[in-house]
Amino acid sequence: MREIMVRAMYCEMLGYDASFTYIHAIKLAQQGGVLEKRVGYLAVSLFLNEGHELLLLLVNTVLKDLQSTNLIEVCMALTVVAQVFPKDMIPAVLPLVEDKLSHPKEIIRRKAVLALYKFYLIAPNQVQHIHAKFCKALSDKDPGVMASSLHIYLQLIRSPDSYKDLTGSFVTILKQVLGGKLPVDFNYHSVPAPWLQIQLLRILSLLGKEDQSTSELMYEVLDESLRRAEMNHNITYAILYECVKAVYTIHPKAELLEKAARCIGNFVLSPKINLKYLGLKALTYVVQHDAKLALQHQMTIIECLDHSDFTIKRETLELLFRITNAQNVTVIVEKMLDFLRSCNDEHTIIHLIGKVAELAEKYPFNKPEFMNTLLPMKYNSWFIQTMNDVFSIGGDLLQQDVPNNFLRLLAEGSESKEEDDQLRLYAVESYLTVLKGHTSHLPQCFLQVMSWVLGEYAHLQESVDRREVIRLLTQLLDQRSVSSETRVWILSALTKIPEGQTDLILDLAESLSSSQDTVLRQQAQELRHLSQDSQLREFKPVAVVCVFSSQVDSSLSFLDGFVSEALAAGAAPYKPPHQRQEELCEDRALNLEPYSFSLPVSLSSCSITDRQSPTLLSVSSGLSGNSAELSQKAGSSTLILEGVKRVWGKDGYLPQKEATAPPVDEPSAAVQPASQQEAAERIEPRPEPSTQNQDKQQLASSLFVGLGVGSSVSLLGKSEAPPPRFRKKPRPHESSSSSGTSKRSSDSSSHSSRNTTDSFLYGSFPEEEPATSISTFDHTPKSTTANGLSQNKDTKEDRHANTSQILGGDMVIVRPSTIQDKHPPSVSSDLTALLPADLKDLPHSDVISLTSDPSLSLSSCRLFRDEALLLVIFISNCTETVIKDVAVQLTCEELKVISFCCKLFEFMRLILMNSILSVIHRPLVVTTEEYGKLWLSLSHDVKQNLKLLTDAGDPLRTTLNALKDALQLHVVDIIGSEGIVACRLLSGAPCLLHCRVNGAALAMWLRSPHPALPDFILYHCQRALAHH
Amino acid sequence: MIKAILIFNNHGKPRMSKFYEHYTEDTEQQIIRETFHLVSKRDENVCNFLEGGLLIGGSENKLIYRHYATLYFVFCVDSSESELGILDLIQVFVETLDKCFENVCELDLIFHLDKVHNILAEMVMGGMVLETNMSEIITQVEAQGKMEKSETLTLLFICQSMRQSQASRFSSKIS
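Chains as they are written, first to last, in the numbering used here: chain A, 1 to 1028; chain B, 10001 to 10175.
Don't read these hints as lab results, they were simulated from the structure. Don't be surprised by glycine CBs; every beta carbon is placed ideally from N, CA and C. Hints may contain errors.
As the list claims (entries may be wrong) - Per label pair, the in silico range of CB-to-CB distance:
| # | chain 1 | residue 1 | chain 2 | residue 2 | range |
| --- | --- | --- | --- | --- | --- |
| 1 | B | E10142 | A | S169 | 30 to 40 Å |
| 2 | A | S169 | B | Y10023 | 11 to 21 Å |
| 3 | B | D10043 | A | N187 | 32 to 42 Å |
| 4 | A | E216 | B | K10013 | 48 to 58 Å |
| 5 | A | C11 | B | S10040 | 34 to 44 Å |
| 6 | A | C135 | B | S10135 | 27 to 37 Å |
The shape of chain A in the complex, shown without the other chains (with noise of 0.2 Å):
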């Protein structure tokens, strides 16, 4: 059996199939002798990998081995696991290889860190706990363990700010190494332990990259290892390498970079050619530093340019490259140029290509020196023949951003239009020079830049006949190597060249509206019709304005009933790409579950949120989370298409009427469509007369769910909107409390109308820009007011009795069910003048008007207060008559209402505790030991990562702090370069974050007991940060 394996292996590495002894390979590792596990734990690890399902089967066997006394079976255990084991088995056989870090065995103790390592690289969050122990590895005493060690600090250290505390400790290291303080074994050429010392060089040199105090601490033991390496050996040779590399990448200091000079310079001028290799490389790394290096070894650089090793020759084009500068760049493109003439190699001339037209496009135009050195006519000229020159040899291996740049630079060009006409009618000669001449062998890549520039710009150059360029480019329609994309291309720039030459065109046509391919039938006919008809031709240009100038709902709120309809059908919520993601691996995870320890959950609070809050709209909030107006608009439009459709089976006139409502209501608003567009982020709508919102309210609240009331700004600074998925689905309720006050005192009750509003209802009221976040905030808990209201007449005051509340933020309209007629509520503005003294100075919104009847109107504002979200409810009395008492009922499941407070003509304070309900979260303020024990109690993890704001010294704390004020969030400590941050909802759940700063990007771990909760901060940092 066993050398039946070892034959299934040979023949698998021939490329052979021998999948059918897999699950030999797998039987072999589970029974057998030692020899036999081997060699079967060998063929595991060749057949299998991460994502093979028979492992499966493998767990238990590795399970065996790595508690067997047998010194031989765990070591082959240990590497099986290192080799494939897969992200969800780790948690099986961690606590077993933690273990092993502490086994008396140096070689098991080396191959726990290894494996543990590999962990580390699949699944780092899981393995966290377990720094400390990396520490200890690093200090075991035997240098093997201690070496495998520093794979995972080099790995640890590319965030290097946690880490600094052990640069003493990596010093010593060295020294003890360069002293020969370790045994002889691991001496290699007389060198001792050289494969250490580089990683320790490496690690130092991450270390002490830009930071001038850790760099003191390594000066000296640089020094030492500069001096130390003797040549005599290759190996030698490496450990200067890291060294050179080592000095320049931290904080500079005058003598060891001038050593460091000199050992480039040895390098350099090897006759070894691994080492000029070597001696180009450090150089390539060095001259960002000290663009004079390069200098000093002129010659050796133009020597290798004509070297005959292809590598060499790449890597001094590579070190030109990063010297190049406004003077020289005509002659290090022509350098790049020939040199990738005679190269074959796909992946050199992807590489160098996108370099060549890289340095092209990078020097052209706001460069004033370079103007001066070449006139702005010979520019033209090379840059064209340049970017020729980079079509023809590129070809069609050109990634596409390089012509897409072109062309960009082409169509946007610089500040002058002089200039730009020129630069293109330049391009549209050469290429006509071009296309006169061999056009077969032109890459397709080509002829489609040279077919959009022709088309777009052949317009420029006068002296060309027009029918000589259509003849140019219908002869490249003939050729037959012209692929069918080409040729679409081709078809649209006749389609613009202008006023032309109809015959030609008919004729073209024709020919083509036989042609197999649908694309170039179609636009065959296009152009057929677009050249007979004049008119046509003419209003193209308007219609493309148009385009552009139609507004758009990017959050789709006309969808809204669409989408509760669903809801209601029991579709499922829609949760946005990154949420599945992260249920898609918990689902995963779940396979585990046997294995892992479990952590323990507090789902108490928010399983029952979760069922009850589908999400209504998350795809406004998504959208509109997006600041960039491209994407926004992009996105949206296409949701748009699909959504309109259906909206228009019902009540199909409504969308319409939005779009247009806005430019009769509000002349201002359909001035500067374009302009809200763009800004659609911020423009936030007016609160518009009282009439054109009653109109609406009524249109919009049959048909949507939920209300984006536009009152905004100071929303938008100070509370949060709440995700989408905080949104409740409307049920019934029935807590209601209801009170009935009655206060003026004075008066009689001359005349009671008793209106209920029955229902309520979720209107949301379409703004005509939606794309706020305002209407992401619709979410409403059903609430039912029923006012039972019986007005007086009050003679002291006409307006304002007071009001019904509702839930903060968005929702709620009251719709009395006895509207008569469109009573505009009075002036609401100073309502909030009314206000008891202890809330006045608080921030508020606008007093948003719910709805009235003739004798009642009802408006509402939301306070903010630390601990809570107020709403205030104003009643307004609109007749003369005296108010006598008034009933308020308020339901609202979710609500509770801490203190009801109703004084005729005072307010009720509405303290809402839910959790869910509060809009705005809270700092919670906490030690970071609580902090810890809080952590591990939490699940629902959210993982993501952020911009880091970079414009202060250190970005984390900047960020961090950006974040606190934007959010209220509880900075609770920085470490190094994690940041521990705590929040929570008014008086419950709360969220963890968690932030490391890793590379240019905030890495976000949020924790909270609530599921939605993580996601809604996340969302909101994102557009903190956005916005900052």
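Following the hints, position chain B against chain A.
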């Protein structure tokens, strides 16, 4: 990190291949072919480093190779490995093979593929260099070898003793 270790002969026949990242069967074969193509056309007097081809991951990766008699040893590594360091690692690998097989040749690799893999596993584990100390590697490999031998010996011994005991029983019967 080391992405792959390939050994092939002058004709491009793979003699050993070990990938530390997952590729499909076909891609692996293509990588071997492509690598052979790149490496084989280089002169003896040029440097031992190459930028990776298309398949093995673009400009991030480097090929570091050595040519011994009929065999090419190619390590494909990413930017976190030191070129010269790897070059010497190949040397260590080959010397170790040489010691283990006593004057290694291409045939040894063919017939003892498992042993070659075991040696390699002592040097490189999951893409990371585990051990560079030749004597340590040999000790490990030999220790395992001994263990295996002793096991087979034990087996043999048991078989023999069983046979003997049976034989003696027979003989006792006969007698």
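Each hint, compared with the structure:
B/E10142 and A/S169 have their C-beta atoms about 34 Å apart, which keeps the hinted 30 to 40 Å range intact. The hinted range of 11 to 21 Å is not satisfied by A/S169 and B/Y10023, whose Cβ atoms lie roughly 38 Å apart. For the hinted restraint 32 to 42 Å between B/D10043 and A/N187, the CB-CB distance of approximately 33 Å keeps it satisfied. Our hint of 48 to 58 Å for A/E216 and B/K10013 holds, since their Cβ atoms are close to 55 Å apart.
Between A/C11 and B/S10040 the CB atoms are about 24 Å apart, so this pair departs from the stated range of 34 to 44 Å. About 29 Å separates the C-beta atoms of A/C135 and B/S10135, a value consistent with the hinted range of 27 to 37 Å.
The structure is inconsistent with the numbered hints 2 and 5, although it conforms to all the rest.
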